[in-house]
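Participant: Residue strings, one per chain:
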Amino acid sequence: MNDAMSLGIHRLWKDDYVSSLKPGRKGPIRCIDLAGGTGDIALRILDHAREQYADRETTVDVVDINAEMLKEGYRRFKKTMYHNTPQVSFIESNAQALPEETFPTNTYDLYTIAFGIRNCTSVPDVLKEAYRVLKPGGTFACLEFSKVTNPLFNMVYDQYSFSVIPIMGSILAGDRDSYQYLVESIRKFPSQPEFAEMIKDAGFSSGGMHEGKGGAWRDLWGGIASIHTGVKL
Amino acid sequence: MLARAALRQTQQPLYDGHVPLNWFEKGLMAIGSSYMCLANPRRGDMVAAVGDLTAGPVLPRLRDTMLASKEGRAILKERPRISTKTVDLEKLASLPEGTMGRRYISWLERCGVSPDTREPVHYVDDPELAYVMQRYRECHDLYHCLFNLPVNVEAELALKFFEFANLGLPMAGFAAAFGHFRLNSERRARLFSEYVPWAMKCGTSSKSLITVYWEKRWEQDVSQIKEELGVWDPPPARWGKAAEAKMAAERKRAEEAAAADAQP
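Line by line, the protein sequences give chains A and B.
If you read the first sequence in full-length UniProt numbering, its first letter stands for residue 1, the second for the next number, and so on.
If you read the second sequence in full-length UniProt numbering, its first letter stands for residue 1, the second for the next number, and so on.
The following block holds chain B by itself, in its conformation from the complex (with noise of 0.2 Å):
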């Protein structure tokens, strides 16, 4: 009976990409996206795989956390979804300093990414939910941006105790609890003495960033957006050197516009 439950067959796919499966499939794919996620970090459709599969209880509650604000209703409704081709990236570059979205195509730039290179969502089954799931991993970068966070380990772990904090993601507290084995002593004592601290407080006592409507507030100024979340920064992160070069860069033509606009 359980048996034939377990390997029933499965579903027609519910949205583009979509790839259903039976309960059977799911524990082979999890146990081996798991072993795959491990053994090669660099797999992000294994790693994707695994936050879809291990979501479960937790995308209705983050679903319901939407509907529960108006803002994330109109997400809901409206599901937007971020992209090079959804997101205007020419107009934001020519937003002045300071605001949401010329600090996320400079974090573009610095960072050396791009949009695009999120996994789509296959395994949840619920379409609604789905998009949910993507949405996350849509705007996973824009919590880095929104922290000043680069991409180096430290941080994605640093922003990951953030993410099981305020959004409680199984996956993210996975990467949390195992990730932090790939770092040197220091590094390690740093993150935790300095960045999950302000990952918890920060993380607990303030609002869901799943509502927040990002394609609604690039002219807004990025300090009133963390006013309004009741968020604050972590402590200072270690960029490269070729990200230390750009905003040296950047600083220095900021400051030269200023200059200009000062001549009478």
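Bound-form chain A, shown alone (with noise of 0.2 Å):
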């Protein structure tokens, strides 16, 4: 479905967005990826490390509050290199109460989530676990939905989402409500600027309030999609 909605382009943008946070350039670290239980971007962090930098010591620990899609990653894994391995493991958690046995304070280099915060009920409790659980030093990333800034590509942008994707989910899944949820989870969730706040609100340091070089996200397609970070001092 991902495929048909995105015409295959979400992978360019996971593909953006694991590259641009080049995993593994500073030495071997730990990672922990959440709402990521398919597996999609742990299996890109492992593979730059290793391709670019011949690091094989570089971990993720992939946690989602659903455990079928952890099954549906621990299955995909099993593909690769790094199954049975202690470069992947999958942990069935709630991001917004990571347990401090499992998560403890102050551990991980990179705290990834893909398209999954705009799903939790609270973000603020999301980037507050998320502040935690990253040491000194370690960064945020975020890679979500978000708002389109030219007005022209946005009415286009709203048409396709309307209409034309709540009806692929009625063909290809038997499924329109959870679509039509689907675009209109999409609109309610913050702006970039917003969204931008909040991580600083969160404590973490982040670029200028604006987009690009040096600013605290990065548009990807007119901004149907954004990239957040910010830095734990």
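Read the hints as simulated data drawn from the structure, not as lab findings.
Fair warning: this is a prediction, and the values are worked out from it, not measured in the lab.
Listed below are the simulated DSSO-like cross-link pairs for lysine-lysine, each with C-alpha atoms no more than 30 Å apart in a straight line: (1) B:Lys91 x B:Lys207; (2) A:Lys135 x A:Lys200; (3) B:Lys246 x B:Lys91; (4) B:Lys207 x B:Lys70; (5) A:Lys147 x B:Lys26; (6) B:Lys26 x A:Lys188.
Work from the hints to combine the two standalone chains into their complex.
Facilitator: Right under this line is the structure:
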């Protein structure tokens, strides 16, 4: 369904997201990937570290609230060289309340969450937990659907979202309502500057309140998706 | 201008389950659901979607046919629904053999179907016409029952030919026109040599079945109903082994009951 709806573009966004983070550039790191059940981001992180820096020590803890998604991720990882290695693990947990015994404070170098935060009931709680589990100097990076800035492009995007996506949902998945919910939830999520403000409120230090180089966020495809980053000092 | 009209913001839902679509969305849905129907005919929701989207000018004509008959007018006024919640199946089972109600229960059992599995209407915009479409869908099983047709592919197609002739619904026409490719040559030959002539003659000469208030006729004798509507039975159909076994058991029970009655 993701491929059908985004015409495969979600793969490009995830590639861009992970390569811009350069995991493994400064040596092996400990990563935690939230709402990442199916393993899309985790796999990209491990592959990037291995291919670019010959790093086989970087680890990713894949965390998801949904056990079915984790099962699917585990299954996909079985097809890779990381299966049964300490490089990947799958843990069922709620991003808003990560248990301290399993996720001690100041543990991770990189916290990623891709297309997951908009589905959490309390975004500030997720950000608070992210801040807690990251080491000082650690990076928070979120890839999420956001607001398209160009008004003309926005009209086209809206038209596509509300007309085409629910119909795709009903034809391909037999479920119009879930995909109607999807496009509505995207519209409800805070805008780029609002979300950047929330990240700052959680204690992170980020770039200026603007897009692009030196800014707190970077838009992809005109703002259909956006990458927000912050550092725990 | 045309683009603006096609992409205009859709209206609010007018009935339970209504999904209003603008012209562009209707076109997209029609193409997508037609493809999905053929790719996976088990997708009842897709078959229903094509039915909703292609019914177009035929639904007002059916509604007018109903308005022209006293029984039809009562249906439009009261808007009865057929489901396990609205029909007292236990009461029907207790009716005497040969009545419409009793036949319906036997048919449901024999075929292993339930009246609750019909997809509700979503894509017809007028609430009254949406009801007419819903009524057609819910009565389809009763047509099966009336003509003693099982639910295998040839019987369904025979009934679709009949419905196309009697009611004029385009979806029935498509199913009739393309559905037979799924049959082997022997069954297709039988369909066209025996069932289609029956369907055409019977469907065009009889009363429009959409005007029949079935719920008021449960106690009526089936042969009487058929005479009143001007319909007659199709050639005998092929039933599966399980259904044959159930029919034999039924006949046995009926014979025993008759023998018990005949005892002094």
